[in-house]
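Protein chains: 2
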Amino acid sequence: MRILLTNDDGINARGLHSLITELNTIAEIYVVAPRTEQSGTGHSITVFDPIKAIEANIPGIKKGWLVGGTPVDCVKLATKRLVPESIDLVVSGINHGSNLGTDVLYSGTVSAAAEGVIMGYPSIAVSLDSFDPAADFTFAAGFTGRLVREILKEGLPKTTLFNINIPFRPAEEVKGIRLTKLGTRNYDNLFDERRDPRGNIYYWLGGGVLNEEQDPDSDVYAVEHGYVSITPIHLDLTHYGLVKKFSRLSEQYLNYLLRGE
Amino acid sequence: MRILLTNDDGINARGLHSLITELNTIAEIYVVAPRTEQSGTGHSITVFDPIKAIEANIPGIKKGWLVGGTPVDCVKLATKRLVPESIDLVVSGINHGSNLGTDVLYSGTVSAAAEGVIMGYPSIAVSLDSFDPAADFTFAAGFTGRLVREILKEGLPKTTLFNINIPFRPAEEVKGIRLTKLGTRNYDNLFDERRDPRGNIYYWLGGGVLNEEQDPDSDVYAVEHGYVSITPIHLDLTHYGLVKKFSRLSEQYLNYLLRGE
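Chains as they are written, first to last, in this note's numbering: chain A, 1253 to 1513; chain B, 1253 to 1513.
Zero decoy hints are in this set.
The list cannot tell twin chains apart, which means a pair is met if one copy fits it or any two copies do.
Capping the alpha-carbon separation at 25 Å, the derived lysine-lysine pairs in BS3-like fashion look like this:
#1 K1405 / K1315
#2 K1314 / K1304
#3 K1410 / K1497
#4 K1405 / K1314
#5 K1497 / K1427
#6 K1405 / K1497
#7 K1496 / K1405
#8 K1332 / K1314
#9 K1427 / K1496
#10 K1332 / K1410
#11 K1315 / K1332
#12 K1315 / K1304
Simulated from the structure, these hints should not be mistaken for laboratory data.
All chains, full assembly: derive it from the sequences and hints.
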């Protein structure tokens, strides 16, 4: 079995290395990860610049590259160019910080797994709900290892990735596993306004998560209450209900829209 | 009425200016658009750098800013900081080139409209199916104008954006309007491998669209066959069917996954 490992925190991130140690007894590991941290890059790809890929000498893996691009670049480049063998699973993470609710759209970690699905591979994204630089990844990596064994045995539904968020607490205090839907994440004080030495205004994106009431079935609720959250995510954004509804618009109305007559 | 206009081709793009001319008789126009082209930036946000916003003097609009960031940055900054009045509609486009099928995930144009929805505003993304630098935007802008009038009158369903793709052909040869689902877009020869003067390998992301059979209900099919495509897009990526299916896993199995016991 072969696993492609990537992330958005960059190739030196502790979360990624905790997974190498855990997964290299299960499968051959290929690491293709960004050279620098890529948080917030979402599903972006590098179209105006060349992408450098340099072989990385990482103990315990089959082969690795550090890539001067986004997490999605990494997965595209790995599966289409760098890794000659076929991949059985794409694992993105472990991210240092959760990726929950609406935030998955901004997340390089989740987008890398989404790209894995687009390229046709079973894919998971894993995040630990802590920004503490000293956070212990042991439980999160161990859990991911057990999950990966199951996935390699049982397979994953096509066109779906699993987004996994792990609460940051001692293993014995993790209450269980919940299959969840995406919750909502909204922020206040989103921009910090400053002036440069020449008096020009600039902004830092910042903001704190608003403490909103959450659906008990949501990923946000699950992690807040001490559960591992697993959300199956699909990539067909079509709102089929509305396609149906608007398809009932009259020819006359549509013709008016089209030609203004 | 007030419209926020943005894009991913940059504030000087012809597609954006064609919309100013068309929409400024309908509503007050605020333009908040990237300083430089941002194609392929998807839903990325700028978290590691400050974001500069400079007032732009554009005739025919209420107020404008050019922003040193992504299309999603523009919408966040506009709605949270720059535009003091409430916005009635976010319009992203007109993009120079289509945004169809799976490609909407990489599209800054569509992501800007998605961010509009996340911020709570009715939002549409508009793209013209041509990369010809001299492409005529007249029909596309006129159509968008008629659609915007209707949307401002009738409203849009919350949490949904409309992704509009307009075929590039003379107005009288546009066959009609179709409400569509997202099709598929796959590419071949995705990476072009080169060597720098020091012998190091680098890659350019390129590739041509694979000519695949398309569902007749899809956006790709509609535009290829001369129809304006309107796809309602929602942002809840949860695969509810699988949440339900996996929720039937036994406590024992989940406990094994959790603790390995």
